[in-house]
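**Student:** The residues making up each chain are set out below.
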Amino acid sequence: MHPEELPVSDGPGGFAVRLENFAGPFEVLLSLIAKHEMDITQVALATVTDEFLQYARALQEVGSARALDEASEFLVVAATLLDLKAARLLPRGEVDDEEDVALLEARDLLFARLLQYKAFKEVAGILDERLRAESARFPRSVPLDPEAAAALPELDWRTTPGQFARIARAVLEARPGAPAEVGVDHLHGAAVTVRDEAEVLAGVLADGRPHGFRGLVADAASMLVVVVRFLALLEMYRDAVVDLVQEGPLGELTVLWTGGDAGWSADRLADDAPEPLPAPLPAGVPA
Amino acid sequence: MSAPDREDPVGPDVEALPGGLKAAVEAILMAADEPVGEHALAAALVVPVASVQRVLDRLRAEYDGRPADPGYDGTLEPRGFELRSTGAGWRIYSRSEFAPVVSAFVAEGQTARLSQAALETLAVVAYRQPVSRGRISAIRGVNVDGVVRTLVQRGLVRELERDGESGAVLYGTTAFFLEKMGIGSLDELPEIAPHLPGIDQLDDYED
Amino acid sequence: MSAPDREDPVGPDVEALPGGLKAAVEAILMAADEPVGEHALAAALVVPVASVQRVLDRLRAEYDGRPADPGYDGTLEPRGFELRSTGAGWRIYSRSEFAPVVSAFVAEGQTARLSQAALETLAVVAYRQPVSRGRISAIRGVNVDGVVRTLVQRGLVRELERDGESGAVLYGTTAFFLEKMGIGSLDELPEIAPHLPGIDQLDDYED
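Chains A, B and C supply the protein sequences, listed in that same order. According to our numbering, the first sequence holds residues 1 to 287 in order. According to our numbering, the second sequence holds residues 1001 to 1207 in order. According to our numbering, the third sequence holds residues 2001 to 2207 in order.
None of these hints come from the bench; they were simulated from the model. Please note that a few of the clues may not be correct.
[What the hints assert, rightly or not] Derived pair list, reagent style SDA-like, types lysine to any residue, alpha-carbon separation capped at 25 Å:
| no. | chain 1 | residue 1 | chain 2 | residue 2 |
| --- | --- | --- | --- | --- |
| 1 | B | 1022 | B | 1034 |
| 2 | C | 2022 | B | 1061 |
| 3 | B | 1022 | C | 2158 |
| 4 | C | 2022 | C | 2054 |
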């Protein structure tokens, strides 16, 4: 086996995006945003997502094990970008308002989170290189030669069959039931739309009482629904049918219906809301 | 030059590596966990068996402190290890003169009783045999390589066979284990709950 | 002359044996199946730790083909193995250049590579230990329970303690992780600071 026949690293390839205002690797897009050289609000995340799903399907078709890894990673980064974008889209400028200051801080925190995630991702790459380099060395680990083995003190065995069975039971039962596998449920979510979720929210908020955001998403079946409901609230805020109050960064977000009884309808979101998220990835992503 | 009994010689160019063929043979002998024959070495290194034989002789002389190179007039000290040939092949061992030292070291680190980790691992082997180290690790949630080796050394556990699919070594308990437990056969082990949760799924995610 | 910190030196007179203390240390390293500390060597050989340390350094240089003796003017070839020190102690390894030929002779030759998710989780544990799964999840943005379990199974991560306040299990890396990384202590991990602008503020708002 030639060294060059060993699996090579995935190389520069990876996921690239083509947007109106940017074309190139996703990594580069991220670093442009990180360096403030590109405004997050100018990035059409729905388009990025579409392209990513196409890319992931293509990977899958060629049976690349990278598909699942890249999909998981993309979801993390996309969720952070979405948070970031949502924070940026909120009205700014009137900084005398305490609420705005809090939102700005929240935005910075989200931004820091993205950077932190990127840092750990980079370090993980370094660890990978180290671990791979080290795995080329095999430690000497051989059975003792009989002469030396004879020096072992004679085994002092005091365990009865009953005690032994108890140990076995404890060890074999202690295992948590859930098998250790990569969760792929998040790749199978049903299509979730801002419009539908806004409809749901409007229904709940119709009672005119303040609702905590946590309560509003308590029945959400997935993180995707939570994110989309959050986006829906932003849209509704822009349409001035809800009021949002948050006491401090990461504090509970309180939502109050201010749209009166007038006929606000989620259909108004049709124009520029993101399209329904594309169909879920087919099952059986190679792990 | 006799061609090695493989298809095309596409193997690694060991001569180009630091230390050459001699170091390559050493590397294999140091890490191999069982004796290695000349033919296996020649096949892996894609060199004639005669070359391997020559290198082995030279290594043995070096380790023993006998200069292999007749032109060498310096002194060579024997190393603390030696190359021995057994029926099964070649293997590096501690030099026999140092057996008392090695024994002192081995005795120092070992206790007469099994550690809790060893007992738990033994319990998994006893109730789930034949079982691979990977699966024991999965059940116990820790790397068990060292503990399994201790149990083998203690004569309580042995290699039974290789798994047909994965090629992993499967372990089981020994007659010595039955003797220590005071039972005549594995059937006499006390029953534990017949259907433990989660056991069936274990096979699915071994890596 | 510093006396060894034990009662009377009643051990074997290793200096009288061929190859002396150096060969005796080699003999023990050959028999050990896990890293060996200087103190364990000194205890088994009944010599001061400093002498053992000197011999280990010399052996390492010899195996690497660097003459330990400044007066030596010949050439030394690197051996096929090397002596390395990690957090857990000293151990003999086959030299990495020979990995392609050695792996065929080692039972658990090629260890499966870690997934990207596992690597990132391992990085967070390594740099943030002791750390709870909740906190790792917060950093990685996904549930990490399965991945942490895999890392524990692989012996790279272990439960350290429970957090006094929250009762959450806190995880850290193991000696096996250091060994796999080829480093002696966590201090030798590559610096994360250059990758992490503004890391100082981050601690303020962690969950």
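**Student:** Hey, residue 1022(B) versus residue 1034(B), does the alpha-carbon distance stay inside 25 Å?
**Tutor:** holds (19 Å)
**Student:** Check the hint pairing residue 2022(C) with residue 1061(B) against an upper bound of 25 Å on the C-alpha distance.
**Tutor:** holds (18 Å)
**Student:** Does residue 2054(C) lie within 25 Å of residue 2022(C) when you go C-alpha to C-alpha?
**Tutor:** holds (9 Å)
**Student:** Between residue 1022(B) and residue 2158(C), does the CA-CA distance stay at or below 25 Å?
**Tutor:** violated (40 Å)
Of the numbered hints listed earlier, the single one contradicted by the structure is hint 3.
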